[in-house]
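Q: Sequence:
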Amino acid sequence: MSTEDQGQRDEQEEGEEEEIEPYMGPSQSQEKMKYGCLVQDLGIEIFVGESKVCSGMGLYVAVAASEHVAEVTLPAGTLISGYSKEGTWSSLSQGDKAVAFAFDKPDTLVVYDRELMTLIDAAGSAADLSDNMTGAVAGHNIFFDEASQDLRVEPDVNWARGRFFVPVEDGGPVGPANFGMFANDLAYEEGMTQEEYARSMQKNVLQLVWRMAVEDGHLSPTWPVVFLNQAVCFRNAEPMEIGLSYGWRYWQNLQSKQETS
59 MSTEDQGQRD EQEEGEEEEI EPYMGPSQSQ EKMKYGCLVQ DLGIEIFVGE
109 SKVCSGMGLY VAVAASEHVA EVTLPAGTLI SGYSKEGTWS SLSQGDKAVA
159 FAFDKPDTLV VYDRELMTLI DAAGSAADLS DNMTGAVAGH NIFFDEASQD
209 LRVEPDVNWA RGRFFVPVED GGPVGPANFG MFANDLAYEE GMTQEEYARS
259 MQKNVLQLVW RMAVEDGHLS PTWPVVFLNQ AVCFRNAEPM EIGLSYGWRY
309 WQNLQSKQET S
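Counting from 59, one number per residue, gives the positions in the sequence shown under the numbering used here.
Treat the hints loosely; a few may be bogus.
[As the list claims (entries may be wrong)] Simulated restraints, written as ranges between beta carbons of each label pair:
hint : residue 1 : residue 2 : range
1    : E79       : S206      : 34 to 40 Å
2    : E273      : C112      : 19 to 25 Å
3    : A218      : T176      : 23 to 29 Å
4    : K92       : G220      : 14 to 20 Å
[Claimed, not checked] For lysine-lysine, the following DSS-like pairs were computed, each having C-alpha atoms within a straight-line distance of at most 30 Å:
hint : residue 1 : residue 2
5    : K90       : K110
6    : K110      : K315
7    : K110      : K92
Simulated from the structure, these hints should not be mistaken for lab results.
Glycine included, C-beta positions come from ideal geometry on N, C-alpha and C.
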């Protein structure tokens with residue numbers, strides 16, 4: 059799964075307000091919800107319940123009935139939930155919930171010092187502590203690319219730690235700290251081409267973002283969280299499933315495993 063920013067919003071004319079269509083996702087009855095909580099500050103309820111797009115659970119949102127509002131519009135960059143605090147690190151991706159700690163774009167969003175910012179901005183803050191911009195991000199190298207005349211970031215192949223965070227899926231409590239782990243990819247359908255998948259990406263309104271902290275002079279991962287990648291208008295009183303992009307590489311690898319098994 060990738061933590062690359064999935065949201066791209068069109069530029070608007072100065073003074074022009076962007077009209078946001080109400081979110082329309084797979085709808086499910088309240089009776090199918092297993093866990094849930096009210097997010098009063100956002101005016102929504104978040105649920106985990108039986109998925110409408112695959113076997114297992116899915117992540118749902120509804121306008122909070124107790125807040126007596128008919129519509130809630132949330133901006134891009136709104137924190138929806140945690141993904142998982144509990145887990146292990148592995149050199150190999152395991153299961154369908156593993157999250158890669160591997161950046162290849164300096165403008166990838168992260169959370170640092172409780173603020174959503176680009177990786178390069180966070181690295182600049184970490185570099186103030188380590189006096190080393192090149193190795194400011196744990197497990198990565200930052201360098202100036204002569205061809206593009208810009209800063210680049212890439213995973214350090216010599217990093218000894220595992221690249222994949224594998225969350226604990228069974229046995230632990232389910233709540234806002236790990237609701238995001240149950241989000242499914244709503245853009246993918248079996249047999250899709252990469253181009254078709256890319257065109258369906260707007261169905262996924264969520265993105266994974268790493269929370270980072272300075273450890274031993276390096277910007278290091280703590281745990282992944284889930285944000286909105288675009289402004290979303292909710293009018294639904296009944297829970298609607300919301301999606302998180304797994305990335306084309308994930309589906310490509312899964313298909314390869316199925317073909318060889």
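Q: Evaluate each hint against the coordinates.
A: Evaluation of the provided hints:
no., hint, in the structure
1, E79 / S206: 34 to 40 Å, "holds (36 Å)"
2, E273 / C112: 19 to 25 Å, "violated (36 Å)"
3, A218 / T176: 23 to 29 Å, "holds (26 Å)"
4, K92 / G220: 14 to 20 Å, "violated (31 Å)"
5, K90 / K110, "holds (10 Å)"
6, K110 / K315, "holds (25 Å)"
7, K110 / K92, "holds (14 Å)"
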